[in-house]
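Visitor: Please work from the sequences and hints to get the whole structure.
Protein chains in written order, with the working numbering: chain A, 1496 to 1737; chain B, 1496 to 1737; chain C, 1496 to 1737; chain D, 1496 to 1737.
Quick caveat, the hints were computed from the structure, so don't treat them as lab data.
Among these hints, one or two may not hold up.
What the hints assert, rightly or not - Mimicking SDA-like on lysine to any residue, the simulated pairs with C-alpha atoms at most 20 Å apart in a straight line are:
hint : chain 1 : residue 1 : chain 2 : residue 2
1    : B       : K1629     : C       : S1723
2    : B       : K1568     : C       : S1723
3    : C       : K1703     : B       : K1568
What the hints assert, rightly or not - DEER-style ranges, computed between Cβ atoms:
hint : chain 1 : residue 1 : chain 2 : residue 2 : range
4    : A       : E1550     : B       : S1723     : 13 to 23 Å
5    : A       : L1499     : B       : R1567     : 38 to 48 Å
6    : C       : E1550     : D       : E1550     : 36 to 46 Å
7    : A       : G1504     : D       : E1550     : 25 to 35 Å
8    : A       : T1702     : B       : I1698     : 29 to 39 Å
9    : B       : R1567     : A       : D1565     : 49 to 59 Å
10   : A       : K1501     : B       : K1703     : 42 to 52 Å
11   : D       : D1632     : A       : G1504     : 52 to 62 Å
12   : C       : R1695     : D       : V1554     : 50 to 60 Å
13   : B       : T1531     : A       : T1498     : 48 to 58 Å
14   : A       : T1498     : B       : V1554     : 56 to 66 Å
15   : B       : E1585     : A       : D1565     : 55 to 65 Å
Since this is a predicted model, take the numbers as computed values, not measurements.
Beta carbons are placed, not taken as given, at the ideal position from N, Cα and C, and that holds for glycine.
Protein chains: 4
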Amino acid sequence: MSTLDKLIGDLVAANRILANEHIVDGFGHISVRHPTDPSKFLLSRARSPELIEAEDIMVLDLDGSKQPGDDRKPYLERFIHGAVYERRPEVQSVVHSHSRSVIPFGLVGETIRPVVHSSGTLGYEVPLWDTRTKFGDTNLLVSSMAMGRDMADAMAGNNGVLMRGHGSTVVGKSIQEVVYTAYYLEWNASLQLQASMLSRNPINFLTKGEVDSIIGRISDGLPGEGFSRAWDYWCRRAGVAG
Amino acid sequence: MSTLDKLIGDLVAANRILANEHIVDGFGHISVRHPTDPSKFLLSRARSPELIEAEDIMVLDLDGSKQPGDDRKPYLERFIHGAVYERRPEVQSVVHSHSRSVIPFGLVGETIRPVVHSSGTLGYEVPLWDTRTKFGDTNLLVSSMAMGRDMADAMAGNNGVLMRGHGSTVVGKSIQEVVYTAYYLEWNASLQLQASMLSRNPINFLTKGEVDSIIGRISDGLPGEGFSRAWDYWCRRAGVAG
Amino acid sequence: MSTLDKLIGDLVAANRILANEHIVDGFGHISVRHPTDPSKFLLSRARSPELIEAEDIMVLDLDGSKQPGDDRKPYLERFIHGAVYERRPEVQSVVHSHSRSVIPFGLVGETIRPVVHSSGTLGYEVPLWDTRTKFGDTNLLVSSMAMGRDMADAMAGNNGVLMRGHGSTVVGKSIQEVVYTAYYLEWNASLQLQASMLSRNPINFLTKGEVDSIIGRISDGLPGEGFSRAWDYWCRRAGVAG
Amino acid sequence: MSTLDKLIGDLVAANRILANEHIVDGFGHISVRHPTDPSKFLLSRARSPELIEAEDIMVLDLDGSKQPGDDRKPYLERFIHGAVYERRPEVQSVVHSHSRSVIPFGLVGETIRPVVHSSGTLGYEVPLWDTRTKFGDTNLLVSSMAMGRDMADAMAGNNGVLMRGHGSTVVGKSIQEVVYTAYYLEWNASLQLQASMLSRNPINFLTKGEVDSIIGRISDGLPGEGFSRAWDYWCRRAGVAG
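Guide: Following this line, the structure appears as structure tokens:
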């Protein structure tokens, strides 16, 4: 199997996993940068993640343009992906979701920060981006490169951004890493929410040193072991080949 | 297949979807206005949504009367549907449910308003209707046209109404739209509840301009794409043909 | 099929339903009064509800004694059932469970009262019973008729009682009714909990008149329709014949 | 079947049960002390619990060393298990998990204590252990015997310990008991959290006398009945032989 075919297989599996683990539902999407042409990325045509097959995967330019002769309908919000790949050369995969425990934080202006080692891959915090600040009253969808770039700028050097009244976007250096981070962002938000409800005591977040230790571990290639252990498990649960 | 048969097929599928997505359980119902006679509507005989087949669908007049010769038992609360079709000519489909995150708002007099773009189809807010105000101590069921009309009046021009100590009713221009709105009302309530528990900060609801932008999009026919994407996904999950 | 065999079939189905709907887990039990001898009742041998078959059903005297020649091991807590049948001649079926949303109320001394029409079958409120008051430091299990009677006295004329640090017991005039009430007690507790977390506003409980209207409806035999509609649905979900 | 083979079978079943009941997910592990050599214990190679087969089980020394000739990759955190077996001769089985309701307590410094009879096997309370106190900024994983011993010391004579920003570890005298305790620790945390959110009233925890009564019951061998009833149920749900 070619590198491209293998990557498309992983992308299809990732769609199924994200649906099966309730990170995406009828909406949401995951992309991966093209393995040989960093100015392009792979993303399904407009379809619910659970239903996606290899034949649905399209190649898009970073500005969201389709390739000549492809008349399939892409996701309106493909600019989320293109803008992040444009701004962040090291990013290889992007997930946009409406996962449920994350959204309440944006509604009341509370910041999500890692509370457990599993979510240290997010970085120090998850900044909040609000369409209304620069674009006024819209339907909140990221429907242009201008909006996508503004969102990517808000994410800055972190690995996730919270989108007010909408959802979140996370990034990683591989499909396996970004699925892991998307899953543990949801989990982290749920834990942080429960801690806030349990007590008025301040939350004992991970320190910067602890996050650095976890991120450093990734740089050392070590948590790749964690990514692949979880990936194997999620593949089994979703009924797809690993 | 005739238009009527197609609509009955969609109505049966909608019942299964609403049960499978936990919007209804043993109770709750969905109806659709008759495709050629707007003074009638289609609704199952009194049965749990998950069990409904095409043969269970009855034709009712807007006042809840059965057609001559039909000796099946209709839902007691068919007046919810008839009264809404009477008051709102543009409405084509109605869902009544006890979906769980919605009810607490009526118990403490808090108003549900859209917090995410997905629930913008509800309109600006979900008004509260209380049987006790006009009808005193009852078993809370909508058992007459007088009660149904009072509920429909409380909904006014919005697309949903909260029923104190009971559940909610939502409306739409198609079966696909009303299933979408019923699903996202539940989700919106859950998010608004979590946001209220997370912080004493005021909630950043969608503005009227944002809701107008989403509703306008519907008028333009655009979110039909969203309705059908979700519909295809929910059909797959519920094991019914789309 | 004899009346007794039919009743045993319903009792087995009820065990499966309660497990499938997460009202009981590995622990909990449901009994029914003997159809021809009101001084006896039917209850499974000590087994998890999900695993119970017709052959597991034992006949017990109201004081918990086994019939001569039956060497199977009964539940330690059979006194819960016997004492209720002794104190309340009209009761035909009893469920004891650890269903999860109910227990927190006993831990902080808050009273569960019906907030929706579906749980009106509980009566005006669910009194709290605490083993510690009369029996001091025990392992909290109802291991004697003295404890069972004390619990039944605390329930008084209501249809449910909350057991501090343990669970709850509900009663009904049929297997179908008590399963319904056990299910909606859990649901009511969950709604009341969410309402308490949502706002400091007082909760708008059902009035006594509303509960009387619902209970009266039962006396009129009307909600029997509701019991059987839900029963058919739960049987389908649990994969048992109705 | 030999005692060792039987124990390995139970260990595999326990992994499946813990995954199926959502106590572990892609991460977490359960071990058992070697039945004939108390200076060794049995633990799977580094794999997600749901996927573990008998062939994955390794024998480790208490200091985490592998046996000669075994080139499989063990869990990094095997020191959690070894240190507990070293410090607590009576302990026969250990579970480490990230079960979700437990973690928030460590984030805000609230203590988990038994609120229901089912979780009395935990002992009087679940102490909090924080890597940061002695080891500073780390990635929070228990990656040495020094860390494992520090954690075991924090647990003292209790049957569980909460690990800040990470998860928890529980111990028991058999695989069946430790699975039971791991399950009811999660449940207890969930109930205690709900009680805290429901009311500002103080929580009515089990008294020391009540815990003693439950623990004493274990010493008498009685709750073995409870352990095996739950075990049979969990085996059925997980699709493994009991």
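Visitor: For every hint, state whether the structure bears it out.
Guide: Structure-based check of each hint:
no., hint, in the structure
1, B/K1629 to C/S1723, "violated, 31 Å"
2, B/K1568 to C/S1723, "holds, 14 Å"
3, C/K1703 to B/K1568, "violated, 30 Å"
4, A/E1550 to B/S1723: 13 to 23 Å, "holds, 19 Å"
5, A/L1499 to B/R1567: 38 to 48 Å, "violated, 58 Å"
6, C/E1550 to D/E1550: 36 to 46 Å, "holds, 38 Å"
7, A/G1504 to D/E1550: 25 to 35 Å, "holds, 27 Å"
8, A/T1702 to B/I1698: 29 to 39 Å, "holds, 31 Å"
9, B/R1567 to A/D1565: 49 to 59 Å, "holds, 52 Å"
10, A/K1501 to B/K1703: 42 to 52 Å, "holds, 49 Å"
11, D/D1632 to A/G1504: 52 to 62 Å, "violated, 39 Å"
12, C/R1695 to D/V1554: 50 to 60 Å, "holds, 58 Å"
13, B/T1531 to A/T1498: 48 to 58 Å, "holds, 57 Å"
14, A/T1498 to B/V1554: 56 to 66 Å, "holds, 59 Å"
15, B/E1585 to A/D1565: 55 to 65 Å, "violated, 38 Å"
Consistency note: the structure conflicts with the earlier hints numbered 1, 3, 5, 11, 15.
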